[in-house]
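Given only the sequences and the hints, what does the whole structure look like? Please build it.
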Amino acid sequence: MADMRDGSALVEIRDLHKSYGPNIQVLKGLNIQMMPGERVVVIGPSGGGKSTLLRVVMGLEQIQGGSVRFGGKPYISAKGDKTVIDTELRKQIGMVFQHYTLFPHLSIMENLILAPRKVHGESRASARERGQKILERFGLGAKADAYPSQLSGGQKQRVAIARALMLDPKLMLFDEVTSALDPELVAEVEAVILQLAESGMPMMMVTHDMWFARNVASRVIFCAGGVVVEDGPPEQVLGDPREERTREFINRVFHIKA
Amino acid sequence: MGMTLDFSILLLFTDALALGLWTTLRLTLLCIVLGTTLGFVIGLLRSSGNAVVRGLLGLYVELFRGTPVLIQLFWIFFCLPLILGVEFSNFVSATIALTLYMGAITSETFRASLRSVGREQMDACVALGLPRRAQIVNVILPQAVLRAVPTLLSNAVSLFKESALVSAVGMADLMFIGQNISNNTARPVEVLTVVAAIYFVIAFPLTRAVTVVEQKLLRKFSA
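Chains as they are written, first to last, in the working numbering: chain A, 1 to 258; chain B, 1 to 223.
I should point out that these hints are in silico values taken from the structure, not numbers from a laboratory.
Computed from a predicted structure; not experimentally measured.
Be aware that a few hints might be false.
[To be verified] Below, a list of computed lysine-lysine pairs in the BS3-like style, where the Cα atoms sit at most 27 Å apart:
#1 A:Lys-133 x B:Lys-220
#2 A:Lys-91 x A:Lys-73
#3 B:Lys-216 x B:Lys-161
#4 A:Lys-91 x A:Lys-79
#5 A:Lys-82 x A:Lys-28
#6 A:Lys-143 x B:Lys-161
#7 B:Lys-220 x A:Lys-143
#8 B:Lys-161 x A:Lys-118
[To be verified] Okay, the calculated beta carbon distance ranges per label pair:
#9 B:Glu-62 x A:Ala-187: 41 to 47 Å
#10 B:Val-52 x A:Gly-141: 52 to 58 Å
#11 B:Val-212 x A:Gly-141: 31 to 37 Å
#12 A:Arg-137 x B:Thr-211: 40 to 46 Å
Where is the CB? At the ideal position from N, CA and C, for every residue including glycine.
Here it is, written out as structure tokens:
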């Protein structure tokens with residue numbers, strides 16, 4: 001089992017506790033070990049802590065207990081009231097959000113090259129060249145000089161993915177990236193993510209699209225009530241879950257779909 | 001007494017009116033530039049800074065927003081020189097007063113626009129590993145300034161009109177000249193109508209510009 005090979009995990013989340021204020025506990029001792037090359041899809045009911053989990057891994061949240069290791073090194077830990085985050089390790093992780101979060105005052109190309117220039121000190125010319133390549137790869141070659149407001153939701157989300165990839169992340173996080181999209185735009189974004197998956201990019205993803213989860217995941221985690229309820233290959237968790245709560249959830253979701 | 005209107009009387013005073021307009025424009029432009037800069041700095045300091053600074057600046061902003069501009073003018077024209085023991089020219093006093101007023105108003109505009117840049121933009125900055133300086137300079141501030149532009153233009157138009165109050169403390173602006181001509185000719189209707197028309201001709205394109213900016217500029221740069 002992967003769990004036994006300590007230290008070789010890409011992401012190792014131990015006993016993670018996260019609450020918003022004194023009364024709202026979102027994560028209650030969550031454990032996940034993600035191996036290099038894995039594509040983990042996290043599913044579960046709303047309010048079960050899926051998005052919070054991703055935000056914690058991105059280093060966007062304070063935690064109340066537990067730790068996260070990344071690439072075998074200490075990354076996030078709770079020390080008393082404080083959350084200690086290794087910001088150098090954080091730079092190796094990219095994230096795409098539900099609502100695009102492009103910088104609306106910058107052109108698409110400027111969105112792409114801002115971080116490489118400011119974080120790695122890359123020259124404008126070199127960053128532009130890489131940016132153009134990524135845009136072309138994602139079918140957005142002609143959009144470099146457009147502004148976010150001129151793009152469709154699907155295009156914006158592909159730009160957001162491209163922007164994150166400009167920093168050569170070792171792990172990509174996708175937080176419900178198709179939930180805000182019109183149905184006809186979902187496929188183009190999922191195609192880009194599948195393309196990334198085929199290129200071997202490790203990813204952790206929250207989605208409500210079970211068809212997509214089955215297609216992209218190498219592993220599915222069912223998360224509810226702030227803990228991992230079930231964790232296994234997609235055929236098992238989505239097709240023949242062992243846990244009663246997972247089964248109920250899957251039945252409900254697929255029932256709605258049918 | 002016949003009430004026939006005779007606007008031709010104004011033709012005798014075009015030079016005086018032009019001089020008054022020039023004073024009004026100079027004063028307004030200067031106070032817009034200085035006041036907006038002051039407001040920007042205060043807006044930033046009130047959005048961060050330490051508690052004492054925030055408190056003092058808050059007091060200043062609320063005082064100038066909550067009292068009549070006319071009284072502020074009187075105060076700075078007549079009380080400030082006594083306190084400081086320095087005489088200012090009318091133009092300097094008016095500039096100080098209207099700048100402080102404009103600064104208070106625009107600091108609130110900037111503060112609101114800073115707050116309107118969503119937390120999601122901050123999240124994106126962090127996810128991209130942007131250093132703190134780049135977060136502020138490249139992402140948050142440009143968006144805040146863009147969002148502030150329509151309100152700033154409105155503030156500027158208001159200041160242009162409110163600047164007529166400096167005539168009450170004896171400054172020879174457009175309003176002051178108009179009042180003088182009106183008193184000397186006993187033709188207040190014609191004179192004040194023309195003065196109002198001059199203000200309008202300048203203010204109207206600016207208020208229209210606010211709409212254009214909102215429709216064109218902001219739509220292009222909004223999410």
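Here is how each hint holds up against the structure:
no.	hint	verdict
1	A:Lys-133 x B:Lys-220	holds (25 Å)
2	A:Lys-91 x A:Lys-73	holds (14 Å)
3	B:Lys-216 x B:Lys-161	holds (26 Å)
4	A:Lys-91 x A:Lys-79	holds (21 Å)
5	A:Lys-82 x A:Lys-28	holds (18 Å)
6	A:Lys-143 x B:Lys-161	violated (44 Å)
7	B:Lys-220 x A:Lys-143	holds (15 Å)
8	B:Lys-161 x A:Lys-118	violated (44 Å)
9	B:Glu-62 x A:Ala-187: 41 to 47 Å	violated (54 Å)
10	B:Val-52 x A:Gly-141: 52 to 58 Å	holds (54 Å)
11	B:Val-212 x A:Gly-141: 31 to 37 Å	holds (32 Å)
12	A:Arg-137 x B:Thr-211: 40 to 46 Å	holds (41 Å)
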